[in-house]
Amino acid sequence: METNSVIPLIAVFLPWLAVAAIAFLPKEEQRLKKIVHVAVSVAAFGLVVSLLPRALDGQAFNFKLFSITDNLRIALRVDTLGYYFGLLISFMWMLATIYSLRYVDHKEDRYYGFLLLVLSFSLGAAFAENMITYFIFYELMTFGSYPLIVHEETAEARQAALKYLVYAIFGGSVLLFALIAHFYWGQNLSFNGAGVLSAASISRAALITIFVAYLVGFGVKASIMPLHGWVPDAHPAAPAPASALLSGVILKLGAFGIIRVVFNVFGVALFKQLNLDLVLAIVASVTIILASIFALTQDNLKRRLAYSSIGQVSYILLGLGLLSQDAALGGVMHIAHHALMKGCLFFCAGIIIIETGKRNISDMEGIGFRLPVTMLCFSVAALAMMGIPPSAGFVTKWLLGVGSLQAREGFFIIVLMISSLLNAAYFLPIIYTAFFKGEKQPLGWRGETSKAMLWPTCVAAFLVVFAGIYITMPGLPYSLVKIVVRAFVGG
Amino acid sequence: MEPRSSGLVVLVLVCPLAAAVLLQLFGRLDRRLCMPTALAACLASLSLTGVLAGNVARGMPWVYHPGNWGGLGIELKMDLLALLFCLLIAGLASLVLVYSYRFIPHELAPRETSYYTVFLFLVSGLLGLSIAGDLLTFWIFMEVMALSAYVLIAIIDVPHAFESSLRYLFMGALSSLAILLGVVLLYGAAGTLNMAGVLGVVRAGANGQATLALALCSVGFCVKGAQVPVHFWLPGAHSAAVTPISAMHSGLVAKLGFYGFARFIFFVFGTTAAVGVLKMTSVLQWIGALSILYGGIMAILEDDLKLMLAYSTISHIGFMLLGISLLSPAGLTGALFHLLDDGLAKACLFLCAGIFIYRDGTRSIQQLKGIALRTPLTAAAFTLAAFSLVGIPPTSGFVAKWYLVLGTLQARRPFFAAVMIIGAMLAAVYAFRVVFYMFFAPERSGALQMDDVPPAMLAPAAILGAGTWVLGIAAIWILPHIQRFVASLVS
Amino acid sequence: MLLAASEAVEHAAATPVHSVLPLLLVALPLAGALFAAAAGKREGLRNLLAAFFSLATLGLAIVLAARVLGGSTLSFDFGVFISLPGVFAFRLEVDGLGAVFALLASIAWAAAMIHLADYSWHEERRTRLYFWMLLSEAMTLGVFLAPDFFTLYVFFELMGLAGYMLVVHNQTAQARAAATKYIYLTVMGGLSLLGAIFLYFYYAGTLGFTPVAGSAYLEAPFRIAAIVLFLAGFGVKAGMVPLHVWLPDAHPAAPSPASAILSGVMIKTGVYGIIRVVMAFLASAPATEAAPAVSRGGEAAAHGAAAVHAAGGISHSVQALGFAIIWLGILTMFVGMALALFQSDIKRTLAYSSVSQMGYILLGIGCAGYLGAEGAMGLSGAIYHVLNHGLFKACLFLAAGSILLRAHELNMFKLGGLWRRMPLTTIFWCIAALGIMGVPLFNGFVSKTLLHDAILESGHLAGQAGNLGSPGWFSLVEWIFLITSGGTICYILKTTWYTFFRRPETEREPATTERAPASFNAAHREEQVEHASHHVASEAPRWMVVAVGALAAGVLFLGLFPGLILSRLVTPAQAGFAGLEGNVSGFSVYTLENVKQILLPLAFGVGLLLFMAGLRLWQKRLPAYLGADYWYRRAGAAFFSGLRAGSRGMEWLRPRLGEAWVLAAAGFQRAAAWSSAAGGGMNGAIVSGWQAFMRSTEAVSAPPAQARGLVMARGAGALPGRVRLQMRKLVEMTVQGSRRLAVAVKSGRYADFISTFHWDLGIGVVGISFLLAIMLIILIK
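Chains as they are written, first to last, in my numbering: chain G, 1 to 491; chain C, 492 to 982; chain A, 983 to 1763.
Keep in mind that the hints were calculated from the coordinates and are not lab data. Don't take every hint at face value.
[Claimed, not checked] The calculated lysine-lysine pairs, modelled on BS3-like cross-linking and capped at a C-alpha distance of 30 Å, are:
no.	chain 1	residue 1	chain 2	residue 2
1	G	Lys451	G	Lys33
2	A	Lys1023	G	Lys451
3	C	Lys860	G	Lys107
4	G	Lys451	G	Lys107
5	A	Lys1023	G	Lys437
6	G	Lys482	G	Lys272
7	G	Lys107	G	Lys358
8	G	Lys107	G	Lys34
9	G	Lys27	G	Lys451
10	G	Lys482	G	Lys64
11	G	Lys163	C	Lys860
12	G	Lys358	G	Lys437
13	C	Lys860	G	Lys27
14	G	Lys34	G	Lys358
15	G	Lys451	G	Lys358
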């Protein structure tokens, strides 16, 4: 079912209102500006949500902007997969924008301007009808997020942001090549359909070239090892809400690109026929294990979380690599589930930094008493990351495990298990240090931090658990992803 | 369609020539009259071209046969390519003139009249070169352009400039000689100077003379386009020149000299001959590739902003050489579009560099740290153009790179796609390094203040910076024409 | 839905009845936890609420057990609310086995909560303790009410986490270390379990406890992996050697009521899981191919033919699993016993004792698997022992709590003579101790007899062709069983003697103190030393005595009425198992033959006690490397030092990589410099050539060099004088022409000019003027 709708377009460009507010409102009106920012992010979320009933029916929304040639056009098309991701993006952004109200206290204009611009670009990428539209928004997002990473302007932040930029440029360049190769051989960049490339007209070598180039190009964002180098630097450097978005959404845009490549560009059948699924699964597995081991050795909380993200994003890719029905379901759902969990964790890390100034885990003795709600949220999300039921993290881990058997790749269960064990090994000491180390102190239930920071954290933590209980609730990932998986993988 | 004859074609280049003469008059009356006069001439050319544009866009070029030299095939021809470049030349020249109004008194106060006079000669040379329909006219105007260029470099009162100019003069003279020899050989072979006529003869049966002519012209144009290993005249010349002239040089002169090469390959020799008989192109491809990498790496190593931009010019002309010598439709489209877009971007970057020189007296990139706090608009313009330089969507640089890389695939030379991608990455490194320093470097202090440079300098830079983005989007309307044009050539 | 399918096939006999009871059973303690937490600082109210909710749960469990053991299966379905279509649906369902376990759990928790009402004054952070105690009860009950491995896993994990809070509660260094070890092993176990469940789900076609008929569960190549993972997952919780290492640290570290439920019930969840796994295997084995029926020793020969027939693959798998579990059980019981012998801390002794007792239970399950369809004897022994151990171990731990509260000491060598001060506690302790020793009329005797008979049956079966092992192996099993029983008697007697009956040795300098006393806060230390040395203990507070006494009564009850328990409780618990034939409801426990079995261990145990006491060997410590824990520590340390070495290596490598890059860049720069020098050289040649040319012209015409401040000017100045003269004339003419043109324009005569203007001429004029202008500029400069 296809309908034309202008709502996606409005949602994509609505955040520019914030930029307009910054440009046209006088400098003193910080409060009014903040209201505009939050209103814009809420409105964007509301617009996306307004499409939910129709999206749940499997409808796609079209909006064509213009075309360069018949094969090359700039257009929006919100299919279920794109809608799912767009919903997540707008939701996470809403939380992060609210959270930022108290977190960000200097150069707010720049920060909010770019924050909401990146929202615009990310939504544009999620809603892209074809690869070139995706690529354009993706690259804009890449560069738009640079000021967010460098925001603190410390030496490390600048170093990290530079590193990010270098990696991103590398990835973007390779991606450009992939895109052009795809266009040249495939002639069709559209996402509308299950696989536009065909082995009949394109040589095997060309197909593999295209895929590898896409994998490397998107892999930088999706932080596949060894392209992950920027992630552990960028996350600690960025402000906490930006880190949350970085892990929750921006890394996922890379993974989402790979999903598009697998589902829409190659199509599942061709992808399997070329044995690329196994390649992807192995690459993802190596990343999962290594990232978890690296995470073990980090003392900086945000750095540890960053390594964790590297591993977790590869869960998505593992699901794609296994590509059985449940594995795909789990992989794609993990985009949202991990975003919620990691978003919550980074929000907590931000509160810790703001309230106590502590960044290293070894300094966090007894912090659970000072910040009880925060650390409870942290514990919930961390346990979910380990895959403790009932939680969002468990659901995806479960689906991936079952999926790996469906795919007759039982080996990958071991990867999942080892990874979960390592997750436990690097998350549990944090909880342990926070609650059980150090002297006993009175609990600081009241006034532990500002509401603007606490509420988004709690909402994320709540959803982490809720999405693991009422899994099938319309609007939660399962309801949308199952449509996607049914369309592309079958079942 | 039949070309139509009109004297207006001549008038396009007579305007600046006449103004050059008038300037000698007005300049003596009042130096301040120089710029308006020159500007009026350029705008006149621009509007004349605009008048001619309608028919050309519909596929009907304008021609004019001056004098009674029809037997020799002397002709001026305003076809689509010429039209595009005339618009670019006249437009860019107008902006640079506006910029010069405040800059030139600052740099070479007593020699303004001379400066504007030669500037107009340069413009008319460029325009004539673009609309030449025969080899002799082409050569003459190329020389006009070249001679004015030498003078404009030497006009600044520093020893280094003279030395650079001299170096340029010698290399330019040698290359002109080589091209002249080629022209003579072709005339000997074909008995006509008209490009179309020569093309017919060469197509009928290329012989030794044509081969030699192509070799000579290739060498000549490689020197003009500063390709490795005959590039060494360029960095000095471009960096030593007074900044508006650097902008003209880098944006137009180096490229238009090179644009001639495209004319020769496609209008004089024809692709069939070039590929089938002459076997020159693979050498040229390698030269182009080498230039891309060499220019990019040298630009990274450079601390002098103008030198960096000069090396970047070498790299980008390498892109064009590579794109043309691939002899694929997409490659040629990309190369021609790159001529346009890099013209805008380079001019903008040089103008911004000039603003930094004007304001702070510094050319060192290290010294630019934190300058965005004091000159935010200039820095923003610089950033806009830098994006185009790198090829970030949706800038015009992206469009050009898209077609260039597509061209490599069409020509079945994916290796050069890799070279181009690496070239783009190098561009990102050197361009974003500057952006990074400007916006996020450590040495920033004090509050943000608006640029205190004259609007007459700021506006052209800003217009050009925005132009790179506008052109990227306007490519939708421009590209079909170029593609149609290219298709008619290559088929 | 897979679950529905599996049910339709397997539970045809007992169609589940929809009932809200299972939900209530989980929800009640959960509500209790929340209420207790809400009551918070109002301690009396909180204690009352906690006791009320745990007793209410007990009542509910009794009602539920009555209905379920009466033959109906109760189920509660959450519908789509908690489900993942096609994968799992979250339900609660109770069959006989679950009901029995749930009943035991409710009893133990009720006792512990009552005990806690007085004991909790000994602790800090009391509300937290209440909250987690009740929460862990809810989760543990959830494990027993789960209808499938998925739901079981969910509760199992949550229970494991809640257990962490109990272990770590004191937050002393010791407790924290124990809790850390506990949580890592729990997580590891949970993960192996998850892996096992994946495999089970895939190959058995269901998550339910009974595989889909004809499923590939047993033929699949992954079955060994599934078994190993299942055993590891549940074995960690069950304290199975060699995965027991967390247990002896964690149980003593927790507050005593928590220890009681940890040891009494929570480790039974592991056992429960293993029973489910074995029964799942058994259910998938076709009944005709099940192991031959061997009800009692001596009848085996009649079934020889059946035994040969049974040598097929499937029953063989069940048998192999059983055989493996038997050996794991034997190992566990012996190692636990041996380690318990050398402890001085009462709670540590009890903890090792728990390990050992879990070995008994595993042995029973193993025999059940080994015997296949006729495994009712082994299974009944296991279930009976689960009940027994739950009661007497909880009782002993609670009693230890009473001792700690009153004597502030748990080192048995520092205690003594408590029977005078705490008579009731002493009596109850002794009842439980007699239970664990397996003395007739006490409950341990019943289950040990059942287990012993199961071993004998297995031995007979092993004697037949086509079965795993041989009678020799089983006689070894029997001997170890007897020795372990003897050792158990020895360490229990030792503990009882030193703690309660020996004369206190206050005047003597305490010998080497093996361990710091468990669970003391720094504030208590002074007081504790004082109390320990002066023995000012008195009888425990009322509610503690009640709790301990209730459990002791249970011990007695189970020992006195084995027939009742076997027929009403143990046999219905096995009713739901497909593939299990026969039962033990008619089994008579107190025969002379059975009672004689106790004599040998008893003699061995007492003899060992006297021997060791005589030689004063009790206070020796075993070398660390004998314990599995030591090797785990070594492996962990090696892993982490490997990691550290790796990261050091990276740190070493990174700057060197950087240096290499810098070197490469420098090299490139040098090359670039060289190339531009070459270019410069060429340029230099050009310049010097030009200068030489100029000099030569100068030499010819030799005009005076005019210094104009420009290098360039030298070039112009070097032109011959005549040329310059001509040029100036040209310039003047041009300027004049321009003036005239200007005049014409001014005077308005330009129309003529325009009309006569010919483009060709124009170009010519302009071209000339252009060339002139170039010269002009050069000269003007």
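Hints, verified against the model:
no.	hint	verdict
1	G/Lys451 <-> G/Lys33	holds, 19 Å
2	A/Lys1023 <-> G/Lys451	holds, 27 Å
3	C/Lys860 <-> G/Lys107	holds, 18 Å
4	G/Lys451 <-> G/Lys107	holds, 22 Å
5	A/Lys1023 <-> G/Lys437	holds, 23 Å
6	G/Lys482 <-> G/Lys272	holds, 20 Å
7	G/Lys107 <-> G/Lys358	holds, 23 Å
8	G/Lys107 <-> G/Lys34	holds, 13 Å
9	G/Lys27 <-> G/Lys451	holds, 25 Å
10	G/Lys482 <-> G/Lys64	holds, 27 Å
11	G/Lys163 <-> C/Lys860	holds, 18 Å
12	G/Lys358 <-> G/Lys437	holds, 15 Å
13	C/Lys860 <-> G/Lys27	holds, 25 Å
14	G/Lys34 <-> G/Lys358	holds, 27 Å
15	G/Lys451 <-> G/Lys358	holds, 20 Å
Hint compliance for this structure: no hint is broken.
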